[in-house]
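**Student:** Chains Z and Y, in that order, give the protein sequences. Going left to right, the first sequence walks through residues 0 to 419 as numbering that gives the first Met the number 0 numbers them. Going left to right, the second sequence walks through residues 0 to 235 as numbering that gives the first Met the number 0 numbers them.
Treat the hints with caution; some may be incorrect.
[Said to hold, decoys possible] Under 7 Å between C-beta atoms, here's a sample of chain Y residues computed to sit facing chain Z: (1) D44; (2) G45; (3) R48; (4) V72; (5) G74; (6) Q104; (7) L163; (8) V165.
Source of the hints: derived by calculation from the structure; they are not laboratory data. By construction, the Cβ of each residue, glycine as well, lies at the ideal position given by its N, Cα and C atoms.
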Amino acid sequence: MALRLLLVASVMNPLLSMALRNVLRNRRRTLITLAAVTIGVAAVGTIRGVLNGLQQSIVRGSIEGTLGAIQVHRTGYLANVLSTPLSLDFEADEALLGKVRSVKGVKAIAPRIQFAGSLTLSATEGNDAPEALFFGALAVDPLLEPKVCPQRSTFFTDGTVLDDTHVVLGDALAAAFGAKNGAEAILLAPDRDGSLNGELAFVGGAMRAIMPGEMKIAVVPLSLAQRLLRMDGRVTELAIAVDDLTQVVAIAEQLRVVLGPAYEVHTWEELAPERKTIMGIQNGVSAVVSGVFMMLMLLGVANTMLMSVLERTREVGTMMAVGLTRGSVLWLFLLEALVLGAMGAGGGFLLMSVITLGLASKGIHFTPPSATMAIEVIPFLTPGFTVVVLFIAMGGAVLFALYPAFRASRLRPVQALAGR
Amino acid sequence: MTSLVLALLLSAEPPTTQEVLAKYDAAMAPATFKGVAQMTAHRDDGTTRAYKMTFLKGSDDKSRVWFHEPAAVRGQEMLRNGENFWVYMPNLKRALRLASRDNFQGGDFNNADVLRANYARDYEGTVKEDPKKPDQWLVELKAKSADSAYDSIKLWVTKEPLGLPVHGEYFTSSGKMLRSADFTEMKDFGNGLKRPAKITMRNEIATQRFSEMVWDSVDITAPAGDGKFGLSDLGH
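If we strip away everything but chain Z, and leave its shape as in the complex, we get:
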């Protein structure tokens, strides 16, 4: 297609026609240069495609797996989150939920409590029951939570039950606890006022971890947690799903207005800044690697063009002798570079599309260190990035051909004819 366009254009422009024929003159050299450009473009595109997939997987996992798109807490909660302050709680009543629902774009709300406690088996005389295991718990409403975090249950092992009497243990906790599904588990925790309380629950299953630090945790039914913590009807967190993720900042802003200064509203990006940092580092590293690829590839083009100029000194002299202007000589070589860049970019585009689609059709599965569950990465390319890469390949080829082309245009016809 691209070739045909070039041919059509070449009929209209004799310089372009010459450039095209010149490129095809030394086929072996052209092929080697084209291969460099094609592989460079394809490598840059594929790296970005895989990274896109990985980052989408991280973002989806964050939003739909654990955080929700937006979270609402009492003001000051997040600054004290390490001490899981239960006293910064609020009534999750209809008045409040109605206010949140009134904001356009809010799709679902899930009330939660984050608390710290310990998990134990009941002790009897003489038995060597283990000491209580300390853990961080997230209490969720088993019916409302899936509407905000539909992916949460994908972390659960097969057959896991999460309902009003069953708790799901992070796999490190489950392993340390050593209890089978259905076994009695007693939760011990200081209540909202600091007094110790205990509630009986059953092990509903285990949960795999994706991000580091997610090991010693458990998901607990909200009603059980409210009894344990003596916080009837009260929660510490509302997780919110939105219709359109691109509007998340605007929706959060609207929620701040509706809820007033007693509440703080954070988007998932503000809640998980480390994920943003990780993605920033990934982007930086990939930009450097891509830059190096592009540079090597364009230096190849520059080398080819310089060789071409040196070889064709007599030819340039002849062209000038029959009246070709210096400007036209400059343009001729630049057009040759453009043709090389365009053909290489076209080939690179085809190759990266094939590789990316191939990888995407199966998905890449890998398990990050410190995680116990594989992430599925579906690589994809965005039109914007693809256009930029193709443009850099073509524009860069022209740019890197400037010196050889300029050198050719500065030749003196008499000397050039003599091959000097």
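Take the given structure of chain Z and dock chain Y to it, following the hints.
**Tutor:** Using the frame of chain Z, we list chain Y on its own:
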């Protein structure tokens, strides 16, 4: 002349660590006793919660606590037997194991602080002068086992009478100070037991928090038979 005698007395050779700790333990954790105390936990947000409880200490590291107030913990009991700690939850009718380093009812004492065995057995260390406090000995203690509630303790005790605590600092293995305590309000509990009645435990990590333990009575003649320290006795 008197001051000279006092100065000579005060600059005397320090007693052995075992001597000081024996005196300390005899006053602060008598071999057996029954006592009533109130703990007030002051929290970061300025709220307080008061707990009223009865203690019974038996021989060989056995202790038991009955909670009376507030209503949220009424009927709860705690038991220590050797290195094991349990809490009895009346709503579950079960005894559950606790860790010695867990907070005691959300306050700033840990379970081992309150249901204490004795320092003489768990810690070893040195006794020396503190130039800033000429009337006190500084006892620097190091835990014999990693399971102890604190890795090291600095304890300032009176020289006369020997071994009554004035101030304590409690450290983790990394050398970070976790808690500090002041021992005040000297009280005669009868039967020759005279010691501070109030312990203020400050949380050096969350510095807004502190807890006070005030002993109303300590009876070292009360019976404390082993039958009171069995798991099956909890809740009865």
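**Student:** Next, verify each hint and record whether it holds.
**Tutor:** Structure-based check of each hint:
no., hint, in the structure
1, D44, "holds (5 Å)"
2, G45, "violated (10 Å)"
3, R48, "holds (5 Å)"
4, V72, "holds (5 Å)"
5, G74, "violated (12 Å)"
6, Q104, "holds (6 Å)"
7, L163, "violated (30 Å)"
8, V165, "violated (28 Å)"
When the structure is compared with the earlier hints, violations turn up for hints 2, 5, 7, 8 and for no others.
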